[in-house]
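Engineer: Residues per chain, in single letters:
There are 2 protein chains.
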Amino acid sequence: MQDLTLVMAQLDPLVGDIPGNAERAIEAVREARIEHGADVVVFPELFLSGYPPEDLLLRPSMETRLREARARMASKVARDVLVIIGYPGRREGQGYNLAGALYNGEWLDEYAKQALPNYQVFDERRYFATGNRSLVLEHKGVRLGLLICEDLWDGAPVRAACEAGADVLITLNASPYHQDKPAERLRLLEQRAAEVERPVVYVNTIGGQDELVFDGGSACVDAGGELRVLAPYWQAGLMPVQFVREADRWVPREGEIEPSVDPEESLYCALVTGLRDYVNKSGFEGVVLGLSGGIDSALSLAIAVDALGAQRVQAVMMPYHYTADISRQDAAEQARLLGVHYQVLPIEPMVEAFMETLADTFAGTERDTTEENLQSRCRGVLLMAISNKKGLMVLSTGNKSEMAVGYATLYGDMVGGYNAIKDVYKSWVYRLARWRNTQSPAIPERVIERPPSAELAPDQKDTDSLPDYDVLDAILVRYIEGDMSAEAIIDAGFEREDVYRVVRLVDRNEYKRRQAAVGVRVTPRGFGRDRRYPIVNGWQPGE
Amino acid sequence: MQDLTLVMAQLDPLVGDIPGNAERAIEAVREARIEHGADVVVFPELFLSGYPPEDLLLRPSMETRLREARARMASKVARDVLVIIGYPGRREGQGYNLAGALYNGEWLDEYAKQALPNYQVFDERRYFATGNRSLVLEHKGVRLGLLICEDLWDGAPVRAACEAGADVLITLNASPYHQDKPAERLRLLEQRAAEVERPVVYVNTIGGQDELVFDGGSACVDAGGELRVLAPYWQAGLMPVQFVREADRWVPREGEIEPSVDPEESLYCALVTGLRDYVNKSGFEGVVLGLSGGIDSALSLAIAVDALGAQRVQAVMMPYHYTADISRQDAAEQARLLGVHYQVLPIEPMVEAFMETLADTFAGTERDTTEENLQSRCRGVLLMAISNKKGLMVLSTGNKSEMAVGYATLYGDMVGGYNAIKDVYKSWVYRLARWRNTQSPAIPERVIERPPSAELAPDQKDTDSLPDYDVLDAILVRYIEGDMSAEAIIDAGFEREDVYRVVRLVDRNEYKRRQAAVGVRVTPRGFGRDRRYPIVNGWQPGE
Numbered sequence: 001m002q003d004l005t006l007v008m009a010q011l012d013p014l015v016g017d018i019p020g021n022a023e024r025a026i027e028a029v030r031e032a033r034i035e036h037g038a039d040v041v042v043f044p045e046l047f048l049s050g051y052p053p054e055d056l057l058l059r060p061s062m063e064t065r066l067r068e069a070r071a072r073m074a075s076k077v078a079r080d081v082l083v084i085i086g087y088p089g090r091r092e093g094q095g096y097n098l099a100g101a102l103y104n105g106e107w108l109d110e111y112a113k114q115a116l117p118n119y120q121v122f123d124e125r126r127y128f129a130t131g132n133r134s135l136v137l138e139h140k141g142v143r144l145g146l147l148i149c150e151d152l153w154d155g156a157p158v159r160a161a162c163e164a165g166a167d168v169l170i171t172l173n174a175s176p177y178h179q180d181k182p183a184e185r186l187r188l189l190e191q192r193a194a195e196v197e198r199p200v201v202y203v204n205t206i207g208g209q210d211e212l213v214f215d216g217g218s219a220c221v222d223a224g225g226e227l228r229v230l231a232p233y234w235q236a237g238l239m240p241v242q243f244v245r246e247a248d249r250w251v252p253r254e255g256e257i258e259p260s261v262d263p264e265e266s267l268y269c270a271l272v273t274g275l276r277d278y279v280n281k282s283g284f285e286g287v288v289l290g291l292s293g294g295i296d297s298a299l300s301l302a303i304a305v306d307a308l309g310a311q312r313v314q315a316v317m318m319p320y321h322y323t324a325d326i327s328r329q330d331a332a333e334q335a336r337l338l339g340v341h342y343q344v345l346p347i348e349p350m351v352e353a354f355m356e357t358l359a360d361t362f363a364g365t366e367r368d369t370t371e372e373n374l375q376s377r378c379r380g381v382l383l384m385a386i387s388n389k390k391g392l393m394v395l396s397t398g399n400k401s402e403m404a405v406g407y408a409t410l411y412g413d414m415v416g417g418y419n420a421i422k423d424v425y426k427s428w429v430y431r432l433a434r435w436r437n438t439q440s441p442a443i444p445e446r447v448i449e450r451p452p453s454a455e456l457a458p459d460q461k462d463t464d465s466l467p468d469y470d471v472l473d474a475i476l477v478r479y480i481e482g483d484m485s486a487e488a489i490i491d492a493g494f495e496r497e498d499v500y501r502v503v504r505l506v507d508r509n510e511y512k513r514r515q516a517a518v519g520v521r522v523t524p525r526g527f528g529r530d531r532r533y534p535i536v537n538g539w540q541p542g543e
Numbered sequence: 001m002q003d004l005t006l007v008m009a010q011l012d013p014l015v016g017d018i019p020g021n022a023e024r025a026i027e028a029v030r031e032a033r034i035e036h037g038a039d040v041v042v043f044p045e046l047f048l049s050g051y052p053p054e055d056l057l058l059r060p061s062m063e064t065r066l067r068e069a070r071a072r073m074a075s076k077v078a079r080d081v082l083v084i085i086g087y088p089g090r091r092e093g094q095g096y097n098l099a100g101a102l103y104n105g106e107w108l109d110e111y112a113k114q115a116l117p118n119y120q121v122f123d124e125r126r127y128f129a130t131g132n133r134s135l136v137l138e139h140k141g142v143r144l145g146l147l148i149c150e151d152l153w154d155g156a157p158v159r160a161a162c163e164a165g166a167d168v169l170i171t172l173n174a175s176p177y178h179q180d181k182p183a184e185r186l187r188l189l190e191q192r193a194a195e196v197e198r199p200v201v202y203v204n205t206i207g208g209q210d211e212l213v214f215d216g217g218s219a220c221v222d223a224g225g226e227l228r229v230l231a232p233y234w235q236a237g238l239m240p241v242q243f244v245r246e247a248d249r250w251v252p253r254e255g256e257i258e259p260s261v262d263p264e265e266s267l268y269c270a271l272v273t274g275l276r277d278y279v280n281k282s283g284f285e286g287v288v289l290g291l292s293g294g295i296d297s298a299l300s301l302a303i304a305v306d307a308l309g310a311q312r313v314q315a316v317m318m319p320y321h322y323t324a325d326i327s328r329q330d331a332a333e334q335a336r337l338l339g340v341h342y343q344v345l346p347i348e349p350m351v352e353a354f355m356e357t358l359a360d361t362f363a364g365t366e367r368d369t370t371e372e373n374l375q376s377r378c379r380g381v382l383l384m385a386i387s388n389k390k391g392l393m394v395l396s397t398g399n400k401s402e403m404a405v406g407y408a409t410l411y412g413d414m415v416g417g418y419n420a421i422k423d424v425y426k427s428w429v430y431r432l433a434r435w436r437n438t439q440s441p442a443i444p445e446r447v448i449e450r451p452p453s454a455e456l457a458p459d460q461k462d463t464d465s466l467p468d469y470d471v472l473d474a475i476l477v478r479y480i481e482g483d484m485s486a487e488a489i490i491d492a493g494f495e496r497e498d499v500y501r502v503v504r505l506v507d508r509n510e511y512k513r514r515q516a517a518v519g520v521r522v523t524p525r526g527f528g529r530d531r532r533y534p535i536v537n538g539w540q541p542g543e
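Residue numbers (UniProt numbering), protein chains in the order written: chain W, 1 to 543; chain B, 1 to 543.
Hints in this document: simulated from the structure, not taken from any laboratory.
Below, computed lysine-lysine pairings styled on DSSO-like, alpha-carbon distance capped at 27 Å:
| # | chain 1 | residue 1 | chain 2 | residue 2 |
| --- | --- | --- | --- | --- |
| 1 | B | K390 | W | K461 |
| 2 | W | K390 | B | K461 |
| 3 | W | K140 | W | K76 |
| 4 | B | K140 | B | K76 |
Based on the sequences and whatever the hints tell you, model everything.
Structural biologist: Dropping the structure here:
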């Protein structure tokens, strides 16, 4: 019986490290041969450059480095295995997003991506010209039709590859995660396979890169649109797919299928992966964060410990007059629970020193948010001093609801190199905290139960200046992800006053977001490359 | 004798303010009729939305607002004048960058931009589909061929418009400034006109929008490629062009031609315009900045005063042990010279309070940049407190050389809403300071003459940790604007050690730049939308 073993190399390249990524590929092919007897190994999209390489693609030496890396692969990659791998390349003066095929030391041919996404976080038309032909490679009697990521969503290149004679479709991907994306992607895969009546092998990247996080979930679907193999999410590795010849068709055998998980678990893993890869790929010793006794920093601490281990995480409680006793207790309790280094640094002396220095300047003025911001900024300066001295990255802990309405202090609690929960709405912060506690105790229950407060003024509650978080989040999702107008949101059943207040706050706080730390994107519209709004902006809420 | 008066409306729209921009257009047409007897009035590219509207274009209500604005224009614009104006629009499900023609209350036709820039700061393919036909409008016997901005650079749409019968080419533009751009643009204009033997009318936007600044310089070139009219740079206004019929051709009469200026003056005006528009369009009362006695803050102060007037500018000297006496003297002297509010706030009490609070945490460690950053951050917190209390925007004052190598403190001297000199290399900071003093005394000479120092440690000089600024800038220009590799820069005659140090610093400091204030872009590659580099980046200097 004829058969063919294809290995999906669901791996994590490092953006910009072209020689290193080539070594990773060489090693993976070796392992795929030894462990799985691979006939074909498929890597993700732009594996040699990492994804997204952004303006590194404009450096002329990128081309030299890629040529050298491919030459090294040709001389070092195991024999008798077809390797299909993604990389960028200039051909006849134009840049392309390519998939190349290497066999027995020879680069056989290249496929150029035909559908180039230039929306959301994607800028591919900034770098690439459009490919215009299908590529079908025959290997051990199987005709493999190559596709790259958006080609599958677009559809036309899929049909073209089949017309060009493909038995099996192979798609190389760097498909970033957002909530619900894994299921959406599987549905598409099943639909396309059924449409063209061909098995589809889908190889995705894994790992975090700046604000993007790739969930893996590489898969194979048969010609009937049935899922046959599904690699784990959030885990790098090699996953084999066995094809057998049945009559005139190549059929994938049923293999391992990763069970599906709760939406909370999926999201939590995304945050852990994003943070871990940012910290490790940047070479930080660990992280330090301000632990306030509130839920945002509590969840962030749990994520940091899950991402890096307790030894690499330090928590600092920085109390002031308005810090409740239960905040101090809960922060200490959580630090003990998770076993992280913990210290208490009261900020009174610094706040007082600033207020005395500013006494003349502020004479005759009322107390306002200035004094609140000052507390927050003293905390930021303390965290940065510890960061500088100890080589720990400051973890910023503002959630998406706060980032949206500017309920955060620039250079205060916004200080930090990375924010694990930047794209997580407050209502999801609660859901994640509760879910995390079902795995093992990580967050004191009182932190989850008490009403949220920034504790920057006496008896302050977040709801003094914002609608309840469930209302706030419902308005924000409609405005940010749904692009609904203020009037349309009101028509959907929200209070006019709430909607206008929220929408104005979102529009006016672009300047703060522009200076915010990067963080994991987990929604279809994160505050980053994904949402490009002007700061100076005369747009008014309305129809 | 047949003639035709065309008025170039070189005006400054407010991004997002669609109804306001329509009113600006209605008023300008009225004035063009009364003052100049205009037969035709031409506005810049995307005038109704402002440029660049960015993701506001993705809001469904953008279309409603544009429809209302165009309806209002149709009912209010003066009769008997052809109005050509730029705006975005969805047509048959796709977005286009359009130029519409309005005459006697009726919108006649629309031209869709054919060449869509998607490089540097431009993301037009994110929003727009490509137009595919020329539009020639006949008005009072003249056939006007419409073009939009990149169409002229591309060339093909220019030839197509002529083949479609245009006598005169009209191009609507939002062409941002960078150094040497005005001359480059005029050369292109002259070349294209001569190529197709048609007069070209070029109408540009004026004013600042976030990091972009538009210099104006609207112009008319005759069919021989000769400049006949050139509107002022850096000044909004209406500029008439008289066409007369000679034999079978329409010829522009010689009109006003703005004399050319020094490169220093051009650049200085760009910085003043960018800052003024950011502050005014954002509705700030004025600005506050830290005046250190060094040249960066001294130049920034001069720019701020020229942009906003002395009454709207406050300077704060925040000395510490390492602040030289001459720094205090020079700061005070400049504040007196320019007549700005000035105060001295020593930072010792705050720095000491932080160091005491951190004494246990830092026990047994060496003094390092932590203590330097702490000084800088105390200054940042003071400035932000004044900003919050008084509604003044903090002006950030780091130059491009510092932004490039990360010689700046996050949340310290990088604090601020806007940075006028963000894209100005240190060597140009000196040139601008000297030039500014030729106009009127604004910067004490000693500030320009003394060696630069951050004054964060005893007897510190910038050159302790960086190459001389002329060498540094020469390397930076080659690496950033020239995309040269480290080895290529060494081959061009620089020291290997300097080059590798500088290039590594540039690559490693993307995280700081990502959180920096926006500022005026004045080079062909500013740190902003223009240069999209990954933060996590395995790229190593080399070939």
